[in-house]
Amino acid sequence: RKEVEQDPGPFNVPEGATVAFNCTYSNSASQSFFWYRQDCRKEPKLLMSVYSSGNEDGRFTAQLNRASQYISLLIRDSKLSDSATYLCAVNPRAAGNKLTFGGGTRVLVKP
Amino acid sequence: SQTIHQWPATLVQPVGSPLSLECTVEGTSNPNLYWYRQAAGRGLQLLFYSVGIGQISSEVPQNLSASRPQDRQFILSSKKLLLSDSGFYLCAWSGAGGSYNSPLHFGNGTRLTVT
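As you go down the protein sequences, you meet chains A and B in turn. The numbering of the first sequence is the working numbering, which starts it at 10 and goes up by one. The numbering of the second sequence is the working numbering, which starts it at 33 and goes up by one.
Hints may be right or wrong, so weigh each one.
[As the list claims (entries may be wrong)] Stretch by stretch, here's where chain B covers chain A in the computed footprint (C-beta under 8 Å, at least three residues):
id: 1; segment: 46-56
id: 2; segment: 63-69
id: 3; segment: 86-93
[What the hints assert, rightly or not] Computed list of chain A residues with no C-beta within reach of chain B, every gap over 12 Å:
id: 4; residue: K11
id: 5; residue: Q15
id: 6; residue: P17
id: 7; residue: N21
id: 8; residue: V22
id: 9; residue: T27
id: 10; residue: F30
id: 11; residue: R75
id: 12; residue: Q78
id: 13; residue: A98
id: 14; residue: N100
id: 15; residue: G105
id: 16; residue: L117
id: 17; residue: V118
id: 18; residue: P120
Calculated from the structure, these hints are not laboratory results. We put the CB at the ideal spot given by N, CA and C, even for glycine.
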C-alpha cells in the first residue's frame, strides 16, 4: 500500500458546483498535512495546511479524519480557474520535515 | 519575504553527460532544503533532504548526488545521465529547526530531458 494515495480523477465539475475529494495515508503517526495545487507543467503551490480542527480559506475547506486516516478538500462554487491537479502532502515520520506527496487528483471545471 | 530561485528552467542533455542544477533561497536562514523529482504523469519523489551545510540525506538510491556548499544553496548533480533521469526536478525549502509542521515551498522547477 502506498503511503499517500489519491484518486487520480479527473473530476469533471460544472462551473459553480461543489467538488470534494480525499487523500488517504497509511502511517497513523503522521504529523502534518497539506494541500497543494499544481497547474500543468508548473511547480506545486501551497493551497492550505490541514489542521486537526479543519481549515477553511474562502471557497476551500480542508478536513482531517485521523480515525479513518484521510484528509479531504472541498471546493465550493467552482471556478474555471480551479482546474488543476491537487496534491496532498503528509509528513509520515515523527522526526524531520519530509513530506510524502500523493499522486494528485485532477479537477476539470467546465462551463 | 522568502524567494527560491532554480535554474535552468529547461534542459536537454545526452545520455552519459554530466548534470548540475542549482537552487538558491533568499530571505531566510538555515532553511531545510529538498530536491524532488516528478516523472511524467507521476507523483513527486523526494530525492535529497538537507538540514544544514554539508548535511545531505539521500532518500532513494539513484544516479544523482546533492551538495549544499552554502546555507542557502543546494545543488543536484550527476556524473553521467541516464534516460531514466528525465523528469521535472523541483527544489524546495521549509522552515528550519527540524519542525515537522512546516509546509514546503517550491522553486519553478527544471524540466530535464535526457536523449
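Now for the hints, and whether the structure bears them out:
no.: 1; hint: 46-56; in the structure: holds (count 6)
no.: 2; hint: 63-69; in the structure: violated (count 0)
no.: 3; hint: 86-93; in the structure: violated (count 0)
no.: 4; hint: K11; in the structure: 9 Å, violated
no.: 5; hint: Q15; in the structure: 9 Å, violated
no.: 6; hint: P17; in the structure: 9 Å, violated
no.: 7; hint: N21; in the structure: 19 Å, holds
no.: 8; hint: V22; in the structure: 21 Å, holds
no.: 9; hint: T27; in the structure: 25 Å, holds
no.: 10; hint: F30; in the structure: 15 Å, holds
no.: 11; hint: R75; in the structure: 15 Å, holds
no.: 12; hint: Q78; in the structure: 17 Å, holds
no.: 13; hint: A98; in the structure: 7 Å, violated
no.: 14; hint: N100; in the structure: 5 Å, violated
no.: 15; hint: G105; in the structure: 7 Å, violated
no.: 16; hint: L117; in the structure: 16 Å, holds
no.: 17; hint: V118; in the structure: 21 Å, holds
no.: 18; hint: P120; in the structure: 26 Å, holds
Figure legend: structure checked against the earlier numbered hints; hints not met, in rising order: 2, 3, 4, 5, 6, 13, 14 and 15.
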